[in-house]
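Visitor: Each chain, letter by letter, is given below.
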Amino acid sequence: MSLDNLRDLYQQVILERYKKPRNRGKTDPVDRYQKGHNPSCGDTIELTLKFNEAGDRIDDVKFEGEGCAISMASADLMAEALRGRSPAEALEMVQKFQAMMRGEAEFPQEFRKLNVMQGVAQFPVRIKCANLSWHTLKAALELAQDAPEFVSNE
Amino acid sequence: MTFTQARTLAAQVRADFPILHQEIHGKPLVYLDNAATSQKPRVVLDALQEYYQSYNSNVHRGVHTLSAKATDAYEAARDKVAAFVNAAAREEIIYTRNASEAINLVAYAWGMNTLQPGDEIILTVMEHHSNLIPWQFVAQKTGAVLKFVELTKTQELDLDHFTSLLSDKTKLVAVVHVSNTLGCINPVEEMIALAHRYGAKVLVDACQSVPHMPIDVQAMDCDWLIASGHKMCAPTGIGFLYGKLNLLRAMPPFLGGGEMIADVFLDHSTYADVPHKFEAGTPAIAEAIGLGAAVDYLNGIGMDAIHAYEQELTTYLFQQLAQLPEVQTYGPRPNSRADNRAALASFTTGSVHPHDLSTILDQAGIAIRAGHHCTQPLHRYLGAQSTARASLYFYNTRDEIDTFIAALKEAIDFFGSIFG
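Taken in sequence, the protein lines are chains A and B. Here my numbering is used: the first residue of the first sequence is 1, the next is one more, and so on. Here my numbering is used: the first residue of the second sequence is 155, the next is one more, and so on.
Read the hints as simulated data drawn from the structure, not as lab findings. Where hints are given, some of them may not hold.
Claimed, not checked - Here are some chain B residues pointing at chain A (derived, C-beta under 10 Å): (1) Ser321; (2) Val506; (3) Ser512; (4) Asp516; (5) Gln539; (6) Ser571.
What the hints assert, rightly or not - Restricting the straight-line Cα-Cα distance to at most 16 Å, the calculated cross-link-like pairs of lysine to aspartate or glutamate (EDC-like) are: (7) A:Lys19 - B:Asp567; (8) A:Lys113 - A:Asp4; (9) B:Lys323 - B:Asp273; (10) B:Lys223 - B:Glu204; (11) B:Lys181 - A:Asp4; (12) A:Lys50 - A:Glu64.
Claimed, not checked - So these bits of chain B aren't anywhere near chain A, every CB distance computed over 10 Å: (13) Leu220; (14) Arg244; (15) Ser254; (16) Tyr352; (17) Gly391; (18) Gly411; (19) Val418; (20) Thr436; (21) Tyr451; (22) Ile566.
For clarity, every value in this text was computed on a predicted model and none was experimentally measured. Positions of the beta carbon are idealized from the N, C-alpha and C atoms, including for glycine.
Using the sequences and the accompanying hints, generate a full structural model.
Guide: And the structure:
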């Protein structure tokens with residue numbers, strides 16, 4: 001088995017976050033709530049956000065869901081990286097993450113933990129797994145009036 | 155048949171499948187996704203090439219030589235399919251694009267025009283989406299009610315529950331013959347006999363049985379039976395519907411267009427007799443001829459031999475999976491003759507999600523399916539978000555099962571090693 005390739009994809013951090021996520025649950029209170037899914041594989045996520053009193057910073061992010069190691073670890077790392085960010089900054093991070101999945105960018109030092117997901121770019125069929133939580137975050141922040149109950153990442 | 159002889163069967167046929175002889179990520183391909191689609195033998199590929207290179211022409215239209223030759227080959231393939239499932243008449247075989255289209259044909263042409271509010275359609279919780287969603291359409295439009303047969307503790311069809319659902323309200327039973335997820339072989343003959351006592355019609359989704367075992371529609375006494383070509387060594391884009399002749403004749407057309415007419419006026423038309431009444435437009439000519447070649451190929455090996463060999467593979471597959479305590483399989487365990495289930499195993503492991511597993515096995519050259527296999531309601535019923543599935547065909551070998559099991563064990567160890 002090509003374990004080297006697999007170790008690029010399933011870095012220790014990813015497996016640890018999958019087994020022992022730090023940000024599972026629901027925020028209190030729930031200021032934003034959004035469900036997302038990948039219909040073809042069945043992965044689902046329920047994302048909750050809590051803002052600060054002024055409403056201009058993300059205080060806390062939590063997720064519930066079921067999915068593979070890539071989608072769940074990505075959600076857990078995302079939740080952590082978002083704390084203290086403004087919605088505009090968070091939306092920029094969504095762009096950056098999606099660019100990273102295309103192999104076009106990586107995060108600066110401040111967010112270097114997110115760069116462990118870079119290996120996914122080498123596995124095109126799995127990119128949608130890593131993107132699921134970010135795609136759901138975008139819908140949560142943009143608060144589209146006509147958003148479906150689940151946003152689909154496909 | 156002993157396993158030594160059986161190994162010879164796979165060894166004999168593997169050379170017929172060009173695609174099997176390649177490496178994926180530097181490892182020999184082990185193709186275990188046959189319930190999704192089968193590979194194609196050279197004779198089928200040759201039939202496609204020959205059609206396009208030497209007699210490509212439209213069917214049932216021209217009087218020129220090539221058109222006559224194409225029509226003959228297209229209709230000869232129908233004869234082959236009819237004989238393959240022992241239909242009473244060649245007109246009982248309707249070509250469709252795939253199994254979904256075949257079921258939609260029955261749903262629209264028969265279901266929408268026949269069923270009344272309160273009529274009942276009995277399905278099972280293990281149906282593929284293709285044998286569920288068309289009936290949801292019918293129920294929504296006609297007011298018919300869907301009922302679902304549940305499973306026994308061994309995750310097989312609960313025949314007692316089925317019997318309890320039958321009543322004078324039952325107008326249709328639509329049931330999968332072999333579950334693509336559980337692998338169980340449903341007692342369709344018994345179900346059909348029971349349903350007919352109430353005057354209900356029965357449609358059998360035979361996508362996972364026709365490629366793997368002898369099928370006799372007259373002995374089964376089903377009213378309709380559907381299968382897809384691409385799961386039985388034929389190209390994609392071709393499937394078929396078998397229907398009892400009197401039923402097909404009584405059904406109005408499904409799609410309107412060329413080919414399906416007798417006489418056309420500006421404001422009305424009369425239709426061709428079956429089977430052409432249901433084959434509107436230029437059909438998948440090459441694919442139908444390819445299906446005929448696939449039937450010839452399978453007959454050359456013998457469906458009894460294929461079934462017997464797959465039973466031995468099933469026994470071996472489950473014996474080997476049982477060596478891995480972390481693996482949970484779904485559906486019935488094979489009995490001593492393994493004649494109660496198909497040669498596929500849907501499973502989960504405690505630690506590795508099916509999608510991660512599929513990626514890891516792919517790195518070892520092994521193709522399996524991960525997800526809900528188009529049986530999402532069944533997965534919900536089983537309490538599994540998704541499963542991994544290894545599904546075999548007659549060209550798979552015991553050695554390939556060994557390779558799969560070793561890689562599966564390695565994947566479980568790899569995920570476990572982080573916390574080991």
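Visitor: Against chain A, does Val418 (chain B) hold up as non-interface, every C-beta pair farther apart than 10 Å?
Guide: 42 Å, holds
Visitor: Given the hinted pair Lys181 (chain B) and Asp4 (chain A), is their Cα-Cα distance within 16 Å?
Guide: 15 Å, holds
Visitor: Take a quick look at Tyr352 (chain B) and tell me if its Cβ sits farther than 10 Å from every Cβ on chain A, holds or violated.
Guide: 37 Å, holds
Visitor: If we take the beta carbon of Leu220 (chain B), is the closest beta carbon in chain A still more than 10 Å away?
Guide: 42 Å, holds
Visitor: Is the interface hint satisfied for Ser321 (chain B)? The criterion is a beta-carbon contact with chain A at less than 10 Å.
Guide: Violated - the Cβ of Ser321 (chain B) stays beyond 10 Å from chain A, reaching only about 35 Å at its closest.
Visitor: Return the status of the interface hint for Gln539 (chain B): holds when the least beta-carbon distance to chain A is below 10 Å, violated otherwise.
Guide: Holds. Min distance 5 Å.
Visitor: When the nearest CB of chain A is found for Ser571 (chain B), is that gap smaller than 10 Å?
Guide: Result: holds, 9 Å to nearest chain A Cβ.
Visitor: Below or equal to 16 Å on CA atoms is what counts here, so check Lys113 (chain A) against Asp4 (chain A).
Guide: At roughly 20 Å apart (the allowed maximum being 16 Å), Asp4 (chain A) and Lys113 (chain A) break the hint.
Visitor: With a cut-off of 10 Å on the beta carbons, see whether Asp516 (chain B) makes it to chain A.
Guide: At 9 Å from the nearest chain A Cβ, Asp516 (chain B) passes the 10 Å test, so the hint holds.
Visitor: Is Lys50 (chain A) within 16 Å of Glu64 (chain A), Cα to Cα?
Guide: It holds: about 15 Å lies between the C-alpha atoms, which stays within 16 Å.
Visitor: A cut-off of 10 Å on Cβ-Cβ distance, and Ile566 (chain B) was said to be off the interface with chain A. Does that hold?
Guide: The claim stands: Ile566 (chain B) keeps its Cβ more than 10 Å from every Cβ of chain A (closest is about 12 Å).
Visitor: Holds or violated: is the Cβ of Arg244 (chain B) farther than 10 Å from all Cβ atoms of chain A?
Guide: 38 Å, holds
The structure does not agree with the numbered hints 1 and 8 stated previously, though it agrees with the rest.
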